[in-house]
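Asks: Here's the letter readout for the chains.
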Amino acid sequence: MIEGLTAWFPVWRRNFLVWKKLAAPSLLGNLADPMLYMLGLGYGLGGLLPAVEGVPYLNFLAAGTLAYSVMNSATFETLYSAFSRMHVQKTWEAILNTPLTLKDVMLGELFWATSKSLLSGIAILLVVWALGLYGDFALTLALLPVALLTGFCFAGLGLAVNAVSPNYDFFLYYFTLAITPMILLGGVFYPPSALPVWLAAVAAWLPLTHAIELARPLVLGSIPDSALLHALALLGYGMAGFSLALRLTRRRLLK
Amino acid sequence: MIPLKLTRLTKRYHGVAVVDGLDLELEAGRCHGLLGPNGAGKTTTLRLSLGLIEADGGAVELMGLPLPAQAAAARRRVGVVPQADSLDPDFTVRENLLTYGRYFGLTGREIAARIPALLAFAGLESKADSPISALSGGMKRRLTLARALVNDPELVFLDEPTTGLDPQARHLIWQGLRRLISQGKTLLLTTHFMDEAERLCDVISILDQGRVIVRGSPRELIAAHIEPHVVEVFGDALAEWTRCASAYCRRCEQAGETLFCYTDAPEAVVAELEQRPGLRYLHRPANLEDVFLKLTGRDLRD
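Protein chains in written order, with our numbering: chain A, 1 to 255; chain B, 1001 to 1302.
All the given hints hold, so there is nothing to weed out.
Computed, partial: chain A to chain B, Cβ under 10 Å:
no. : residue
1   : 14
2   : 21
3   : 89
4   : 92
5   : 96
6   : 97
7   : 102
8   : 253
Quick look at which bits of chain B chain A covers, simulated, 3 or more residues with Cβ under 8 Å:
no. : stretch
9   : 1048 to 1059
10  : 1080 to 1091
11  : 1094 to 1108
Per label pair, the in silico range of CB-to-CB distance:
no. : chain 1 : residue 1 : chain 2 : residue 2 : range
12  : B       : 1016      : A       : 254       : 16 to 22 Å
13  : A       : 5         : B       : 1057      : 32 to 38 Å
14  : B       : 1120      : A       : 29        : 37 to 43 Å
Note that these hints are calculated values from the structure, not bench results.
Beta carbons are placed, not taken as given, at the ideal position from N, Cα and C, and that holds for glycine.
Based on the sequences and whatever the hints tell you, model everything.
Replies: What follows is the structure, encoded as structure tokens:
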């Protein structure tokens, strides 16, 4: 039984070994895109804005950038990379011929995507520290578990999308219908209070909103309101996504 | 112990039985062939035998363990060479073996100790640190075979192991398989190449429409189901020959522009054909392919 609990580890390790070979460009990619957004908008747009919620716009933007960077990393890993392994390279099929089960394979993918996205979160956190964009250093350490939960959430959801994708093009639907709206409505660029009431009510349900509700106060130096609720929401979305993913993938590969 | 025992196995897709009451029992230490036209249920039978899919009826026992309940434990003692290439393109030859061994719960040290013998078996010693993209098709197949041996399995499943290979590469794979047989491993091989099955297999089961229609050694099957000689006849004067051929041979079958004449006494047929200038012929002993075509028909199955 103990063995059953860690059976996914060789799958995680396989992905880690591949990543290690390309770690430098991968880390750069993780960092460059969100950094450009944060610094470009933070300095460029921020220069035109008065303080947002009492802090410079760049400081305000940091938490959203962290959350969305983690989301992107987990999403890309569970869509494009996992799809390559599942559908194109037949890596999953090869593993299923060993004692490992589909659940082991997918747990390995889930935890790998979570780990990789945590690394994206850490990269942004380093910048936040370096530029002194935080209110209270001790509180920023709590961003690590927040990044972990956020990564877990979007890895679970991503695997569910992966399970029903006939090809790479299909992922555009998920980006257009889920990821982009979350970036625009979830509070990355402005406080949700700026939205009309009905739209803010919708946005409150989005997973990314929960992540930012946790991350933003932690960056700016206060303890988040309803922290447990937001954490449970992220956990719930991730677990629901994963259990759906497992059922759909079983139907796809093992019928 | 019986390495694999399938009893009254049934699997239906959309109401159609792809595997339909199939019985199969492997003998330890022998090479078994599973032949059948496309759609006969070979791949589904393999997937059921590994516990990857659940049967609608019947029972599977792999390495003495009931499936799917104990599939993972049973697969620990089994190797699989899948039909499609599934080597890890991001890894070198050595890393492929190392990573695959870990899926069996082996430690890095245990696998490292096995890798030299696996590389030697596959003839890939000089390629240990090459990326997969640097391997030829034959090398990839040999590596896939070596990968299937990383857990030192007692039973190895091979799903069309030589499809798409050139003759040199096929012969190398055959040598490898013969070595496994001599080591006492049990093999279950699916193939579309009758010469391959005839060369390697001790026991052959021919599948059609989801069940085993005949079983026996290649010689037994040929002796039991087909006349010992075949004369293939083709040429401009075929129509005329077709009308009178039954006087010279026991059974004739036309396929396109060729008439296959099956006979116990080829001399009479050949002597007669020599008299007919408009015809060419090929006289050969009957083989497994003749049996296969007789039992499963000449119609395309795709």
